[in-house]
Structures are given as structure tokens and as C-alpha cells.
Amino acid sequence: MILTAVLVLGLIGIFFAIVLYFVAQKFKVLEDPLIDEIAEVLPGANCGGCGKAGCRAMAEAFVKQGNMDGLKCPAGGEEVARKVAELLGCTPEISDPMVAVVRCNGSCGNATAKNNYDGLADCAFANSVYVGESGCAFGCLGLGNCAKACQFGALSMDPETGLPVVDEEKCTACGACVKACPRGIIELRKKGVKNRRVYVACRNKEKGAVARKWCTAACIGCGKCEKTCPFGAIKVENNLAYIDFNLCRLCRKCVAECPTGAIHAVNFPPLPPKKEAPAADAAPAKEKVEAAAPAPEPEKAPVQNNPTY
Amino acid sequence: MNLLKISGSPHVHSDESTKKIMWRVNLALVPMLLTGIAYFGLNALLISIVSVACCCLFQWLIEKFILKVPSTVCDGSAIVTGLLLAFNVPATADMIWLVAIGALVAIGVGKMSFGGLGKNPFNPALVGRVFMLISFPVQMTTWPTVGKWFPMGFDTVSGATPLGLIKEGVKGGQSISEVLASPDMPSLCDIFLGHMGGSLGEVSAIAILIGAIYLLCRKVITWHIPVAFIGSAFILSGILWLADPTQFIDPVTTILTGGIMLGACFMATDMVTSPMAKSGQLIFGVGCGLLTIIIRNWGAYPEGVSFAILLMNSVTPLINRWCKPARFAC
Amino acid sequence: MGGVHPEENKISTNAVIEQMPLPKQVAVLMNQHLGAPATPIVAKGDKVKVGQLIAEAQAFMCANIHSPVSGTVNKIDTCKDMVGLPKTAIYIDVEGDEWMESIDRTPDIKRECTLEPKEIVAKLKEMGIVGLGGATFPAHIKYSVPEGKKAEYLIINAAECEPYLTSDHRVMMEHAEEICIGVSILRKALGVPNAYIGIESNKPEPIRVMTEMARTFEGIIVEPLVVKYPQGAEKQLINSITGRKVPSGKLPIDVGCVVSNIGTTFAVYEAVQKNKPLIENILTVTGKKLPSQHNYQCRIGITYNDIIKHALGQLPETTGKVISGGTMMGKAISNLDAPTTKGASSVLVMDENEARRRPESNCIRCGKCINACPMGLEPYLFSALVKNDRIEEAQAHNILDCIECGCCFFSCPANKPLTDEIRLGKNKVRAMMAAKK
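Residue numbers (our numbering), protein chains in the order written: chain A, 1 to 309; chain B, 1 to 330; chain C, 1 to 437.
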């Protein structure tokens, strides 16, 4: 009795094993093993920062192309690029490391709420309904689409300011938050020497008086920074200053000049309390630049030190 | 002055809420509780209290300590589960403590493990009931006798349900008419009033109808599932009965005995686990009815409503996928 | 099919239309209509008269804009609209009330219209008439039936199914004859045998007045409608009156229908018979907790604050929300300094408690949203799909059919913001389709 059962089941098992073997042979997909190897090296977060459907799709694209021209994994950065290049046997495409920067300082204190949003907690939706709680048509809506979009946990909403905060160590500059923000507030900027960056934390294109009405920290387009900048890195267009991070030498002259504190300098040591301001110096050495940085009112200079550093 | 509120339209809301719906269901279950107490005495009341209390307690504990979310006990859905679970067990003294285990399974496994109200694929009360039926088959099929009105004692003299009698009789070689003629079998009038053996809340068709009509009037349920369920059970059993009256019971007795009425009006109509579109609800009801009759006549158990509903619950997502409401603009 | 019954709250029904006094300054927005903004043709310091053309329609989908007041152009600058977004506007300082001579301001009612259909349409274009039912669709485009299509029905929407709003009700009560003349003009412009005026049967007085008046005209039929929101939605109204259904993604004209709001017909009468451009509209000022209810005839460009000041002095302390339009589809106003536009129909003041949204809970799959949806869609499904960014599936389930009537959110016992989610989903679907092109 037991023997029959064992035999019957055993035979059935063998039969199906044979069937499965032939089916597997028939439908075998020949795939370059390199794809698996590269996929292994990629971050595996499927963030979409490369523009492909996911990390595996990216690996396929690498293998298909055979080199790295035009394909870049922003999340992986330099390290991944080198590894992939090694596997592909080509030269790696290394670009400067980038980081997400929030260009709005319309915190609860600077841009007080003029109304009370009571709808779906989604920036894109709120943006389609109205202007936002602060009344600024360019400012952060504070509903956290960027934080939801971040696959790396690098963005979080600060409950006190109502603004997103970027964790520079976790940020891979994949650009998901840039796409998620309906107002284009987040920008990928060069990480900078020692992570130091100077940028305009405002996107308001309205005239100064109107912009100030909604937010005390708005860029009013006065142009002082443009005139001060010794490197021609700052342009004021449509009442809004923009600092080109490729030209900026991190001298921080503009920071001291800005009347509303819209220009932020992050990860700098506190400005030395010097009164005298020497002439513009184009020396690239950063020590020199720092020494040359004028600081008429150091306590007022809006230096935002990131607590993670 | 306050800050003006901003939101997308619409700016008004009907006064409908989950809480209201659940409390209406609870109210609709009261007639069954009363008839249960009338037929089975204090046991019925105690079982119901233990069941409801345990369901609420377990839900509160799970929400507080495991899920760490605000408690939703107040929305009344745990009470619905508790009452329905109590209504699905025999009103014997054993059940007073066994129902607590059923409540744990119903709430813990049937409901909260999926994320709470609205996310459970199966009717939690039936999950609890089926668990008890499989785990405690003896206790779950020991029925108290119903002889007098308002029995006050805790006697557990075992009687039998009409369906149980028939199943045993047919197995023993008797024909249906012989079983129906036996003195243990209640009359049709008794069956309608619920004066027969059976689970605590399922016996009285009239109490169930009162509750169901209330729910229909308050628009908590629609007619589609109950009518499709009872109707298909009636038709299939009618066909079988016409084909062979010696082997199959007549359709009227079929729909009035066992859990068909309770299941069709209160358990199959559970919003969470039944299809959303009207056409889907009809399919769901018909499926439940046919499966019930099939299980009753050819399955191992004399009763099949719980299994039928749970089986149909499992295909509800598929039904939702295929049964779409009619589009206005095609 | 579908629909809900929100509380009607037509508390301003008996308030006779009053004339709103002129403000000190008006701001006339350049996009008051669907389509491209109009181009200003006046400059700072110019003197303008009431009814003078101040901005011209240069694009196809655009409408002329006329000065609602007489005075001096103060500036042409950005102006925040009622939801706070910056738009271009012409600011005019009011001086006196001097009208253009071409406008007939006599109270006589002119019945006869001698213009040819083409001339009527040209007149509508010249006078900047747009649909006043909410979409502000330029009227001259609507009444120029495209080649190869034929209008068979003219349907006048007087359902006013939105809660609170009474401006259409009052216009019918007070200007029945003008409306009927306006309808006849539109009938002539389209060349259709009959025009149907659809009125919800909860308005027996307007039905009686309009029916009596319509008897003296040829080819105007008053049609009482079942009381159900959204009875006045274009596609539902066409279905109620003609039995036809507008297919997905098509326009009413594709099934031979042209739908106009009742307010528009009054504007058409004034434009064609009296040469008066669209410079005034009728606004309901209402709210449950307000001391008084009003219907006003206002010049376009007056700010919401001016209206509130005149009607109520100031907003009650407990105000929670101010809405332009009805409670089901109106827009919450965040900027009360914004000027009114051609499409404005009400200032609805809601109490804190009335305005508060209750907290959202889990979907219990009750299917109430499906039963409520007048388009036969599955709002609960869109909610889940949009939340998980499954935009293509949402499109496959016809999310674009949604008319955003709000029935789903209204009926949801779990208070899920379904309409918000669907609107977001529609935007995402449209963005996806645009990206694909």
C-alpha cells in the first residue's frame, strides 16, 4: 500500500520534472550576465533619477550601449560610475556631486499663513486650487510632495518652519523631488567645496513690494547682490536673483548685502567679526576668500548651519 | 476673525458617516438579540455580551499596542462583529467562554491583521465562526433544546437543528418526508417564528426581516444581495426538490432554516467584503445562494452559509474588477 | 443615474435684485473667460466710459472686455485673483457714471430682432458675451456651429441645482420677458425650431412665470426637471431634456445640442437689443448665519470686499469660508481683495462649523460614491489609483469623464476627499497625455 503510493507519487514527480526541464529549455531567455552584474552595482532604489524605469532597465541600457555616454546614475554618484565603468570596460563619466537645495524660506515665521488650507494634503493639488497658505504664488506649499517622492529618506518636512529639509548625507541628487515639486522650488546644485553653498532661497518673481507683502524673506530683486558679486555669478531677472553655481566662488559678499536675507550660505563657519571690507579678490583659494569676506552685521547675516555637519 | 478656510469643492458633506452606518446595523441586530434571549434564555444574553466586549477589547488592545493608531472602537464596527459572531454560535453554556476565542480570531485575524475596518477581505464574524466550527466541532454543533419560551436556566440538553435532523435522517436511509414527519421536526410556523434549534440569532426569520427592512429603509443595504442570495437558494433548492422530493427538502423550509436569512441580510451585505456595483452584488448574492445549497446537499456539513459567503468574499475583488457601473458617457 | 440631494438652502430666494453702488476703483482682469487673456487697448491715464472696449480678443478662444465704469485708467498691473494667483488687470479709478452713447438705457423692452444669424454672432463677439453658467465659454464660439455639424436643440439651463444660489431664480422672476427675447435671439442665431428652458421643479414660481411668458413667444418650451444635483450639469441636462447622451470627450454640439445658462440669455438680450456689453452680473450674497440675504446687480471688477462691505458691513466673526459659486462646485476665495469677474455668481459665506471638513477614515467600500456618481464612474478606485500614481490605469477607467460635481465626496461616509483626488488624477492624466504627444 505504502509502496504503491510512494511509487505513484515518485513517478508523477519525475514526469513533471522532465516536463518542467523541457519547458525551461524551450523558453530560456539568453541574457548577458553583465546586466545582472551591473544591476548589482547600481543602488537598487529604482528612483528613476536616470530617466529609466528602474535600476535593471538602466543596467540593460548600459550593456546595450556598451559605454556610459549620456547615461548617468545620479543616485549612485562617483563610486557607482567607476564600478560600472570597470564592468563595461570604458572610462567613467564623472561629474561634480550635486545635492538638492530648497529655494524657499517662506517659513511659518517669514511668510505667515493668511488662510487655512483644509483640502487634500498634496502639493500638486493645492497648487491647482489656489496660491497657498502664505499667499506667495511661488513659495513652498508645505504639504510634502518632495518628502514623499524621496526614495532615500533624505527629505523631511520640518514641522516648525513648514519647509522641507534636505539631509545632505542621504541625498543622492536623483532629482525625484525636483520633479515632484509643482512650483520648481527644489534645484540640484553643486555640492561645493566642503559642502559649502551660496544660493537665493526664493523664487518669487513679483515686484519687491508685492513679494515682501507675503513673505519677509523674499527676494525683492533689488540687484544689490548682482552689483556686489565680483565674479558675475548673480543675475537678476524678473525681480529675482539667481546665483550660477558654476561661477560662484563662495565669497559670501552677497549674503551680507541682501536686505531681506534671501541669500543663504550653508556649512560655512560663522563669519569673522571684521568691519573692514577689502576690494574684490578673485583668488580661488578658499581661505583667502573667507578672510576677504566682509561682514558689516554678522549677527544679522542669515548663515544657516546645517545641524548634521 | 479666523483665517479663511480653503479647499477644493465640494464644500458641504452629507451627514453620512461610518459611525452612523455601523450603529444603524447594530440597531437592526437588536430584534435578533431579543428573539435569541426569548428562545435560549440567559445564555444568549451572556454570549452576546462576552462576544461584543471581547471584540471591542481586542480591537482596542491591537490598535493601542500593536498598530499604535487612534482607537476606532467608537465607530461601532467591533460591536457589529461581536453581535454577528454571537448570533452564529449555539446558545450553550460552553459558548460563553469559547466565543471569546472566536472574538480574538475574528478581530485579530479576520480584521486587524489586514489593517482594520475597510481592509479585511473576509467577513470577520464569519472568520471567527468558521475557526470555532473547525476547532471546537462538538461544542459548535451541540444545540440547546427549545421547548419553552424564556427558559431561565443554563441547561445544555442537546437538541438538533432541522437541517441536522434531515442530514442525519437522509444518511440513515430515511426519506425526507419521513424525517419531516418525525416529532423532533418543528412545524413550518415554528420555523418562521424561529422556535427551533439553531444558532443564537439565526432562528427567527421574522426578527431578521424586521432588521433587514430597517436597514433597507435607512439605505444601509440595498435589496440586491439579500434578494439574489435567497432567490437563487430558493430556485436551486426548488429545482432539486421538484426533481426528487424524497432526497431534497422543499425550498420554503430551505430558506427559513439554517443561516440563509441571517447570512443574506446581514453577513453577505457587509459593505467591506461585498462587491460595490449593483451588478456585482447580484452575482455575489447568486453565488452565495448556489454555494449554500450545494454545500448543504453534497458537503460534509449540514449548513453551508458561512462557507458560501467566505468563498464569495474571496472572489469579491474579481467581481469588482469585472462588474463596472454603467458609464453615462460611452 | 447617480446624483445626490444636498440641503437646498435657497434662503435668498425672495431677495429682490438690488443695484450695487459704484466702488471707488475697479480692477478688470484680462482673463475672465475660458481661453487666452484679452489684450489691453487703453493706457494709463486714458479716460474711459461705461461700456467702452478696453481689451480686445486677439486669440481665437477669447472675449472682448469693456469698461464697467467711467473714469481714468490708473494702471495696468498684476492683480491677485480670488485664489491669490497673479493676473493682469486694468485698474480704473471711478469718476461719475458716464455711459457710451450707443447703449440704450431706456427701460423699454424691445421684442423685435432684425439681425441675421451671422450678425447676431458678431454682436455677441463684439459685446464680449461669455457663458455665465460657470465655464465662461465665449458665446460667439458656441453659437458659431462648426462645419458639418448641425444644432437641433437649444437648451437653456435654469436648473440652478447648486445649493444656496438664487441669482438665476431672481432673474427669471424679474426679467422673464427679456430672457424669452434673448432665447428667441439665440434660437434664430442657431436656426433651431425649439428652445427648451430646463428648470428644477423645486422652483414652482419661476416655472409659472416663465411658462406664462413663453406662451407669448414662438418655440420656447419650459421643461420642469427632477430635483437632483447635478441636474444642471451640461451632459445631465441634455440627457434629461433630449434623452441623448454626450459621448466621452465630445461636445454637446456633437449630439446636436447647444446649452446656455439662463443668465447668459439675459446678457444676450441686453447685448443685441440694447447694445450693452457684458459689464454687469447678478450675484447672490448669502449664508446661513448672515443677518440678511441679498441678490445684487454688480459691475464687474468690484472687489469681493466692496460687496461684503456694502451688503454686510463686515464678515461675521465666525466665518469659516467664503465661496464664489455654490457649495458643490464653487471656489473657496482666499483673497477677498480680488475683483469679481464675468463668471461670478455668488458670495457665499459659510460658518466655521459648516465649513469644517471632518477627518478622513478608511474606505469601507460601501459603494455610495459609485451610486452617487452621475457619470457612472468608480471614485473609490480613482482614489486608490491616484494615491499610488497608477495614472495610466486611472485613464483606462475613464477618469477624464469626471465632471467634478462633487457627489462622491459629498456622499462618502469615510469623508475621503475623493473629488480632490480625482481632480489631481485628471491633472496628472492630462500631463501624461501632453508628455506623450
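Calculated directly from the structure, the hints in this document are not laboratory data. Where is the CB? At the ideal position from N, CA and C, for every residue including glycine. Some hints here could point you the wrong way.
If you anchor each label on the Cβ, the simulated ranges turn out as follows [claimed, not checked]:
{"hint": "1", "chain 1": "B", "residue 1": "ASP250", "chain 2": "C", "residue 2": "MET432", "range": "34 to 44 angstroms"}
{"hint": "2", "chain 1": "C", "residue 1": "ASN305", "chain 2": "A", "residue 2": "GLU93", "range": "40 to 50 angstroms"}
{"hint": "3", "chain 1": "C", "residue 1": "ASN74", "chain 2": "A", "residue 2": "THR112", "range": "46 to 56 angstroms"}
{"hint": "4", "chain 1": "B", "residue 1": "LEU311", "chain 2": "C", "residue 2": "LEU400", "range": "46 to 56 angstroms"}
{"hint": "5", "chain 1": "B", "residue 1": "ALA326", "chain 2": "C", "residue 2": "GLY256", "range": "52 to 62 angstroms"}
{"hint": "6", "chain 1": "A", "residue 1": "LYS205", "chain 2": "C", "residue 2": "GLY256", "range": "39 to 49 angstroms"}
{"hint": "7", "chain 1": "A", "residue 1": "LYS205", "chain 2": "C", "residue 2": "ILE41", "range": "50 to 60 angstroms"}
{"hint": "8", "chain 1": "B", "residue 1": "ARG218", "chain 2": "C", "residue 2": "ASP93", "range": "56 to 66 angstroms"}
{"hint": "9", "chain 1": "B", "residue 1": "LEU311", "chain 2": "C", "residue 2": "ILE221", "range": "34 to 44 angstroms"}
{"hint": "10", "chain 1": "B", "residue 1": "ALA326", "chain 2": "A", "residue 2": "LEU30", "range": "44 to 54 angstroms"}
{"hint": "11", "chain 1": "B", "residue 1": "LEU311", "chain 2": "A", "residue 2": "LYS170", "range": "17 to 27 angstroms"}
Against the structure, the hints:
1. B/ASP250 x C/MET432: 34 to 44 angstroms: violated, 59 angstroms
2. C/ASN305 x A/GLU93: 40 to 50 angstroms: violated, 58 angstroms
3. C/ASN74 x A/THR112: 46 to 56 angstroms: Cβ of C/ASN74 to Cβ of A/THR112: about 29 angstroms, so the range 46 to 56 angstroms is violated.
4. B/LEU311 x C/LEU400: 46 to 56 angstroms: violated, 37 angstroms
5. B/ALA326 x C/GLY256: 52 to 62 angstroms: With a Cβ separation near 23 angstroms, B/ALA326 and C/GLY256 fall outside 52 to 62 angstroms, so the hint is violated.
6. A/LYS205 x C/GLY256: 39 to 49 angstroms: holds, 47 angstroms
7. A/LYS205 x C/ILE41: 50 to 60 angstroms: Taking Cβ atoms as reference, A/LYS205 and C/ILE41 lie about 26 angstroms apart, which means the hint is violated.
8. B/ARG218 x C/ASP93: 56 to 66 angstroms: For C/ASP93 against B/ARG218, whose Cβ atoms are near 60 angstroms apart, the range 56 to 66 angstroms holds.
9. B/LEU311 x C/ILE221: 34 to 44 angstroms: violated, 55 angstroms
10. B/ALA326 x A/LEU30: 44 to 54 angstroms: Since B/ALA326 and A/LEU30 have Cβ atoms about 49 angstroms apart, the given range 44 to 54 angstroms holds.
11. B/LEU311 x A/LYS170: 17 to 27 angstroms: The hint (17 to 27 angstroms, Cβ to Cβ) is violated, given that B/LEU311 and A/LYS170 are roughly 48 angstroms apart.
Comparing the model with each numbered hint stated earlier shows that hints 1, 2, 3, 4, 5, 7, 9, 11 do not hold.
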